[in-house]
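There are 2 protein chains.
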Amino acid sequence: MAERICNSTIILGNRPAIIGYGSVVGKTERDGPIGDEFDRFDVDIRFGEDTFEKAESRIQKIAVETALNKAGISEKDCDIIFAGDLLNQCIGSTFGLKGKEIPYVGIYGACSTMALGLSLASIFVDCGIANVAAAVTSSHFCSAERQYRFPLEYGALRTPTSQRTVTGSGATLVSRSDNKPYINSVTFGKIVDKGVTDTNNMGAAMAPSAADTIREYFLDTNTTPEDYDIIFTGDLGEVGTKLLYELLIKDDIDIRCRHNDCGLMIYDKNLRDVNAGGSGCGCSAAVLNSYVMHRLENGDFNNILFMSTGALLSPTSALQGESIPGVSHLINIRNP
Amino acid sequence: MAERICNSTIILGNRPAIIGYGSVVGKTERDGPIGDEFDRFDVDIRFGEDTFEKAESRIQKIAVETALNKAGISEKDCDIIFAGDLLNQCIGSTFGLKGKEIPYVGIYGACSTMALGLSLASIFVDCGIANVAAAVTSSHFCSAERQYRFPLEYGALRTPTSQRTVTGSGATLVSRSDNKPYINSVTFGKIVDKGVTDTNNMGAAMAPSAADTIREYFLDTNTTPEDYDIIFTGDLGEVGTKLLYELLIKDDIDIRCRHNDCGLMIYDKNLRDVNAGGSGCGCSAAVLNSYVMHRLENGDFNNILFMSTGALLSPTSALQGESIPGVSHLINIRNP
Numbered sequence: 002m003a004e005r006i007c008n009s010t011i012i013l014g015n016r017p018a019i020i021g022y023g024s025v026v027g028k029t030e031r032d033g034p035i036g037d038e039f040d041r042f043d044v045d046i047r048f049g050e051d052t053f054e055k056a057e058s059r060i061q062k063i064a065v066e067t068a069l070n071k072a073g074i075s076e077k078d079c080d081i082i083f084a085g086d087l088l089n090q091c092i093g094s095t096f097g098l099k100g101k102e103i104p105y106v107g108i109y110g111a112c113s114t115m116a117l118g119l120s121l122a123s124i125f126v127d128c129g130i131a132n133v134a135a136a137v138t139s140s141h142f143c144s145a146e147r148q149y150r151f152p153l154e155y156g157a158l159r160t161p162t163s164q165r166t167v168t169g170s171g172a173t174l175v176s177r178s179d180n181k182p183y184i185n186s187v188t189f190g191k192i193v194d195k196g197v198t199d200t201n202n203m204g205a206a207m208a209p210s211a212a213d214t215i216r217e218y219f220l221d222t223n224t225t226p227e228d229y230d231i232i233f234t235g236d237l238g239e240v241g242t243k244l245l246y247e248l249l250i251k252d253d254i255d256i257r258c259r260h261n262d263c264g265l266m267i268y269d270k271n272l273r274d275v276n277a278g279g280s281g282c283g284c285s286a287a288v289l290n291s292y293v294m295h296r297l298e299n300g301d302f303n304n305i306l307f308m309s310t311g312a313l314l315s316p317t318s319a320l321q322g323e324s325i326p327g328v329s330h331l332i333n334i335r336n337p
Numbered sequence: 002m003a004e005r006i007c008n009s010t011i012i013l014g015n016r017p018a019i020i021g022y023g024s025v026v027g028k029t030e031r032d033g034p035i036g037d038e039f040d041r042f043d044v045d046i047r048f049g050e051d052t053f054e055k056a057e058s059r060i061q062k063i064a065v066e067t068a069l070n071k072a073g074i075s076e077k078d079c080d081i082i083f084a085g086d087l088l089n090q091c092i093g094s095t096f097g098l099k100g101k102e103i104p105y106v107g108i109y110g111a112c113s114t115m116a117l118g119l120s121l122a123s124i125f126v127d128c129g130i131a132n133v134a135a136a137v138t139s140s141h142f143c144s145a146e147r148q149y150r151f152p153l154e155y156g157a158l159r160t161p162t163s164q165r166t167v168t169g170s171g172a173t174l175v176s177r178s179d180n181k182p183y184i185n186s187v188t189f190g191k192i193v194d195k196g197v198t199d200t201n202n203m204g205a206a207m208a209p210s211a212a213d214t215i216r217e218y219f220l221d222t223n224t225t226p227e228d229y230d231i232i233f234t235g236d237l238g239e240v241g242t243k244l245l246y247e248l249l250i251k252d253d254i255d256i257r258c259r260h261n262d263c264g265l266m267i268y269d270k271n272l273r274d275v276n277a278g279g280s281g282c283g284c285s286a287a288v289l290n291s292y293v294m295h296r297l298e299n300g301d302f303n304n305i306l307f308m309s310t311g312a313l314l315s316p317t318s319a320l321q322g323e324s325i326p327g328v329s330h331l332i333n334i335r336n337p
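Sequences listed follow chains A and B, in order.
According to the working numbering, the residues represented by the first sequence are 2 to 337, in order.
According to the working numbering, the residues represented by the second sequence are 2 to 337, in order.
With the rest of the complex left out, here is chain A (with noise of 0.2 Å):
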């Protein structure tokens, strides 16, 4: 039975593993430094659909296929399926996975989805409600930009401040074992607005939400940055991970020579248009299922904290002078 220790953080007792993962990119991100990590990509950014938003759907249906056949189980195992992702409605994921016969969660996180279901599916698996629970996300950098910005026919030039949506998904298959990775605690985030007003600056209104997750999640465990061996954070890019190191030095918690950030490892930085690094939810769902498991696999990392960050805005509240609140939602995972 799972078990709270303090405000947020939840360790999770009965050893809920990663027993299968699967990651699909686009060609920009198959390109890019940790490109033949992931297990699937196509130089059609359609994805043989005829929408960008019917290709984010296929994405998540091939990365959910991709972690059942490397977990050799049937979607008939699946006992629920926790998805979401930024397109509106979540369609993305509602069309992704209408068809499959398990059991429909649809959350919302914007870029923080990976992390929330994970940890949803990790919470389920431990406290035997399921047997095998999933946890899926994607993102798409064409449905994105229509949606959140402008059509691509445009050819809008951006900011150097703002990121470059990943196409991507990436999904997770946890179930209870002693030999994999396994998720050890998880601590939900709150909603944490600091007024930043800038759509183009996604990296500062996620930050101070991703510093007060990491120093809520130290002072729950009684644990300092140098216990775990990488402190993986989603898609702050340049300026939201400077923004971080320098809201958590206030509090004494120095994690930079242990962090790295999903935005700043999927791209080449010299590519045009990438500017302060990747985003979206595919950005660190497709390399939590893909860099991070390999290395959690082959023992490279054995305590890892992995972390997704969110930024809950929307054109509407944009346009309506909002400002970008952000929400971050912690895992702990560690090799048995």
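Treat each hint with caution, since some may be false.
Chain copies aren't distinguished; within one or between two, either way the pair holds.
[To be verified] Straight-line alpha carbon distances no greater than 20 Å define the calculated EDC-like cross-link-like pairs of lysine to aspartate or glutamate that follow:
hint : residue 1 : residue 2
1    : Lys101    : Glu227
2    : Lys77     : Asp194
3    : Lys77     : Asp213
4    : Lys243    : Asp78
5    : Lys251    : Asp43
6    : Lys101    : Asp213
7    : Lys77     : Asp221
8    : Lys181    : Asp255
9    : Lys28     : Asp78
10   : Lys181    : Asp301
11   : Lys28     : Asp221
Derived by calculation from the structure, the hints in this document are not laboratory data.
Only a predicted model underlies this, so the values are computations on that prediction, with no experimental measurement involved.
Dock chain B against chain A, hints included.
Chain B only, in chain A's frame:
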């Protein structure tokens, strides 16, 4: 510890009970047949805010605070909140709940959100992950009209099968208790798609998923409609309710004499623009956290099924010719 008993139904053994609840509606809902049941209403459709979206956030905030007040606890006593709504990127919830010091889990289930959030809150409490968990959702006629259909200023007429989005919010607080109505089981639905494409007929789009979840529940628990005082569906309206009856009769399940639909209860049927009934996340949320809870507390009901029904479309998916899949989640609430 929760124990799975069959495919989709999770029996909760530790009496996660409803210790507080709150409902807020607009004037049209207040003027309806069950208007006296709601905690709060405002004649101002903007609830003192300058946009409809901010009004929706405001009613979520009021609903949560009403529930906390009734339970006699403060927000610091609440360990986690599950929240979502119909607005793009769920901004109704973000801006309604930002500033609250409660770990935040964003969910998206369209109009199934109340049952979805309450299911998750109940599981967290049942498993000892939270002492107190909250679920909240909302919808607003004006914010929904302009997002899903037309600007209100057009004065567009709607079809007889269409439903009116409820301006309303409902919040529920769950904690273990031996003397309050408790959640005995939850059943997460699957995505069900029968190919309905008429965005002015949500009832028809959602009814197959409602039938699927009810069928699954009766099979899982080996019970019949006669075992329950009443079965509530969320917002099927006239068309969806008729279709639900037809679909269930094929499986020899007759719920007709024990069924009511929140979408059929909330409005005066003679009102212009109500058409086939009420809809929106706020519909079943407001009815559960007023009319239904009052009757559980006074003993009129002792064993009920409550199901919210969601249509998983977006304006984009509809314009791209996609069908409208549905998802429905079901809760069994009992008196001790």
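Verification of the hints:
Proximity of Lys101 and Glu227 under a CA criterion of 20 Å is satisfied in neither setting, with 42 Å inside one chain copy and 31 Å between copies. With identical chains, the CA atoms of Lys77 and Asp194 are at most 20 Å apart between copies only, with a shortest distance of 18 Å across copies and 41 Å within one. In this homomeric assembly, Lys77 and Asp213 come within 20 Å of each other (Cα to Cα) only across copies, at 16 Å, whereas the closest approach inside a single copy is 39 Å. Taking the shortest alpha-carbon separations for Lys243 and Asp78, neither the intra-copy value of 43 Å nor the inter-copy value of 34 Å comes in at or below 20 Å.
Proximity of Lys251 to Asp43 under the C-alpha cut-off of 20 Å is found in neither arrangement, the shortest distances being 44 Å within a copy and 45 Å between copies. Proximity of Lys101 and Asp213 under a CA criterion of 20 Å is satisfied inter-copy only: 14 Å between copies versus 37 Å inside one chain copy. Taking identical chains as interchangeable, the C-alpha atoms of Lys77 and Asp221 lie at most 20 Å apart only when they sit on different chains, with a minimum of 16 Å there against 37 Å within one chain. With identical chains, the CA atoms of Lys181 and Asp255 are never at most 20 Å apart, being 29 Å at best within one copy and 48 Å at best between copies.
Neither within a single protomer nor between protomers do Lys28 and Asp78 lie at most 20 Å apart by alpha-carbon distance, with minima of 32 Å and 48 Å respectively. For a Cα distance limit of 20 Å, the shortest separation of Lys181 from Asp301 inside one copy, 14 Å, qualifies, whereas the shortest one across copies, 51 Å, does not. When the C-alpha separation of Lys28 and Asp221 is checked against a cutoff of 20 Å, the pair qualifies neither within a copy, at 41 Å, nor between copies, at 45 Å.
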